[in-house]
Amino acid sequence: MLDSVFEKTVWDGRRSIWWWVGGIGTLAAFMVAYYPALRDMSEFADLLESYPEAMLALFGIDPAEFLTAAGFIHSELYSAMLPVIFFIFTIMRGAAATAGEEQDGTMDLVLSAPVSRSRVVVDKSLAMAVLTAGLGLSLVVILLVGNVIVDMGLSVVGIVAINLGLVLLALLFGAFAMAVGAWTGRRVMAAGAAAGVAVAAFFVNGLAALVPALEVPQQASPFHWLLDPKPLITGFDWAGIGLLAATSAVFFAVAVWAFGRRDIST
Amino acid sequence: MTAAILTRALTTYYGKTPGIIDIDLEVHAGEVFGFLGPNGAGKTTTIRTLMDLLRPSSGSATILGLDSSRDSVAVKRRTGYLPGDLAMWKQMTGRQLLLYLGNLRGLDVEAAVAKYAERLDIDLDRRVGAYSSGNRQKIGIIQAFMHHPELLILDEPSAGLDPLMQQEFYRMVDEVKAQGRTIFLSSHILPEVERVADRVGIVRRGRLVAVETVEDLKAKARRRIDFFFAEPVDVSEFYSIDGVESAESIDAGRGVSVTFSGAIDRVMKTAARHEIINVTSHEGDLESAFLAFYAEAPDAR
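So the sequence lines, in the order shown, correspond to chains A and B.
Oh and the first sequence: position 110 is 110 in the numbering used here, straight run, nothing missing.
Oh and the second sequence: position 125 is 125 in the numbering used here, straight run, nothing missing.
The shape of chain B in the complex, shown without the other chains (with noise of 0.2 Å):
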């Protein structure tokens, strides 16, 4: 099966300074792919060179067997496509706006647009101008996936979408991986990945430093647990389970505050000897999860 998309040493320079550098990606056809770095990263470079609005500087891409740069007509006719900043023009009326990017793909979209603007809960006769920036993105995400294409590539999907669209937008990517198509996504927001990727890429400064499939990253992520007991209980005990990175004593003692990677049932049966009063989760952000991780091993592929 051809991949959907496949990139060779990809390296996109702005002005002087490299955007990312010899990426190497291959997304498989089907399968939902997450593209997880902080902001600056690359991961929006990177898509722009796919969609050929920057040209690489040396590597290749291709996707759905084309390349990005030479048969780019033909590549949008099969993708959708979320910029990640996203702007749009303010005059027309969100149902304009949309009916008029179908038309560029010569097809007529109104009743798919009419299914999504109910969905995604927006009135399309509004003017874009008018718009709150999660109408806006609304807006973008019917955009990208109202012709059905074979390959969507969104750029920060969820940005602005509060907690309910999520959801229905998340069901959205889940209806298009159960036809077989493809979804290529960035974000920053790393349960985001977990809750929608079968696998997920790294980039860091430009660079893919990991693929993973989301069952190892899970296992690598770095996470903290705080547990208070009824009475004080000795760190040590934590010191010896496999992936524990710390444990200290909290709460005059009387607590524990354990930051391990992997499984998280040894530090769970452990804790449990002891009378728990209380314990708090904490979901560490992208940066303290994995980057450290990764950044001991720059070159890792």
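Okay, chain A solo, but in the shape it has when bound (with noise of 0.2 Å):
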């Protein structure tokens, strides 16, 4: 067994991944139950009436959709929430990739084999992707068996397509912060540049229906790329698929060429 960096790092993370599995699977398990009570619910329409704009438009509430199963699941789980999750899961990883351990002065132990430092970030980058892939597979399944439960008619298609989506977000910040950790062989500054990408991109996607001058600022915010075509309801949406991917892509080579070309600091 850890027979390469990759599986070395998968094998770090083989503890904590249950935690946010399990917790991942109670807020969905949570929201699926909660669904029938609310559909039932006939003063629930006109409550969302009442709700300033503002926090509908953020939290991707759209009051026409919303009391629909996809309407639901898409605004509660997956404007928010598990983005939020998901990319707080891929940042702490890439910013632990090359800067945690070179900062943990493990990195040359690690590099006193015969491994290239291209290998070594190419490795932990297929280790995390590995990683959320498997989170997002936990939601699949977790909606798959909700949608029969609870009967809520969701197509199998569109789960899978969000769940893909959002796992290529969260992917795509963890490589930016893999990227700032290889550049400057720091974990905070990794985590908190990527943290702060993340949010700010956030909150430019959530007010741009509300703040004209965000619309354009929006067209580059991952969040749209992934929400905007409603992947739950619509299905693959290969946009923003391609985008998210393309995006992830080119921040990976980014860290690789980075960590190559420094010194690896002790």
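No lab work stands behind these hints, which were simulated from the structure alone.
The beta carbon of each residue, even a glycine, is placed where N, CA and C say it ideally should be.
Incorrect hints may have been included.
Covered stretches of chain B (chain A as the covering partner; in silico rule of three or more C-beta atoms under 8 Å from a C-beta of chain A) [what the hints assert, rightly or not]:
(1) 52-60
(2) 65-77
(3) 80-87
(4) 97-104
Every beta carbon over 12 Å from chain B, so not counted as near; a handful from chain A, in silico [as the list claims (entries may be wrong)]:
(5) W19
(6) D46
(7) A200
(8) Q218
Each chain sits in its own coordinate frame; assemble them with the hints.
Structure, rendered in structure tokens:
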């Protein structure tokens, strides 16, 4: 066992991943279980109308769709909560990838083996992708099961599509953290910069419906690429998926390049 | 024969401060080379540059005929490296860590690991985080030796080892040398380098100030011997001896403290003309033993 930096990195995450799966699973199961009660609550539609428009926009709530199963799950799970949880997961891993290992002092040991620096970054990127995909897969399973039990009528294609997009969105910010960490060798800076960018991108997308000045910057927000096509309802949006994947790939490439050119700190 | 390590005007900056300046070093294949200097002199910077963890600002380093940066993966395949600031994954057991590092080399090191663990008397099934610093150092030594590399680059290898384990480590170094393999090790402890090395490079403030055989180094080392005699002795008897720097009267004239470098023979014979009650010898630390000597000619190579 543990034949590569990739396997070692996955192995490092072997315990914490179950906490993440447990937390995310509980959240998703709770929302699914809550839906029938909400659907049967006739006053809820009126209540929604009374909420400030800003709040509805920020949390991706469309009153016309909110009481459909897909609209509810899209807004409640995928518009804010899951993306935030997912990008926290990937940003932590991205910042730890090279910067964390450098600051812990263990990078000397990794690089004393005949493993190139680019290989180290690639292996750690792959490990992050696999673990994040595992989280996404657990959500797919929970929604598929919940869909049957609660009879929500969600489309299977939509469930797969939204989770694929979610995983890619998270990897994008994780790759950004990894690139900053590879550039600076500083874990806190990597996590802070990536979290800052992620939160800014989230608000730009959420507030664009209210603030016309944000409509142009919104086009650059990965949240816009993921959420606006409403993949849970409409299925795969290849343009959005392509943008998310390509941007992630660029950040991963920057990480490889940045880590290859630097002095390793101790 | 290709030199094990060859550097040409190797200079590495840490930010804007120079870590090492113009190091010209040649380590022959098959020798044990000691890299001696006080802490902060540039030993670790040199070693981490050789291992491609730091990039030279100018100059070059060739290891086993390969460029230290461009061919670093090939270099590492053939070398074992013990970091000076050894940090390891605390949640792994010693065995997991060593087998993992072996796997990164594509080698099954299980038998070698078991053999070295027995020699160094360490339980590999405990977590690295639970080890004492001496035990962590043993793991570090094992990972550098376990794949039988042609060249071992060891940064302060005996740090934290108890005296018994230091002796075992010296035997491991002797074995590597007997097999014709090369060891480059840094140290700030003179007797250690005298014990294991064939040649010594002395580094001071980022510069290599001298390369000597251990014999020549011993001849240059400054030491102090205090003689205590049965009756008062005239200290001037010692002044004329070659290599004596000072001779002072101690113990109310019945003792002489002689500081000298080089051959001890004349000093002892001069003292032996009188009845000697006691002798104490002081091995100076590195600073007083050499660095004052080399500081007088900082650019001597």
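Against the structure, the hints:
Here's how the segment 52-60 of chain B fares: 4 of its residues keep a CB closer than 8 Å to some CB of chain A, so the rule of at least three is met and the hint holds. Check result for the segment 65-77 of chain B against chain A: holds, 5 residues qualifying (beta carbon to beta carbon below 8 Å, three or more required). Only residues whose beta carbon comes within less than 8 Å of a beta carbon in chain A count, and the segment 80-87 of chain B has 6; three or more means the coverage holds. Here the segment 97-104 of chain B counts 5 residues with a CB under 8 Å from a CB of chain A, which clears the bar of 3, and the coverage holds.
At roughly 16 Å, the least C-beta separation between A:W19 and chain B is larger than 12 Å, which holds for a residue marked as non-interface. The claim that A:D46 is not at the interface with chain B holds, since no C-beta of that chain comes within 12 Å of its own (minimum 54 Å). For A:A200, the requirement that its beta carbon stay farther than 12 Å from each beta carbon of chain B is met, with the minimum near 31 Å. The Cβ of A:Q218 sits about 41 Å from the closest Cβ of chain B, beyond the 12 Å cut-off, so the non-interface label holds.
Against the hints set out earlier in the document, no violation occurs for any number.
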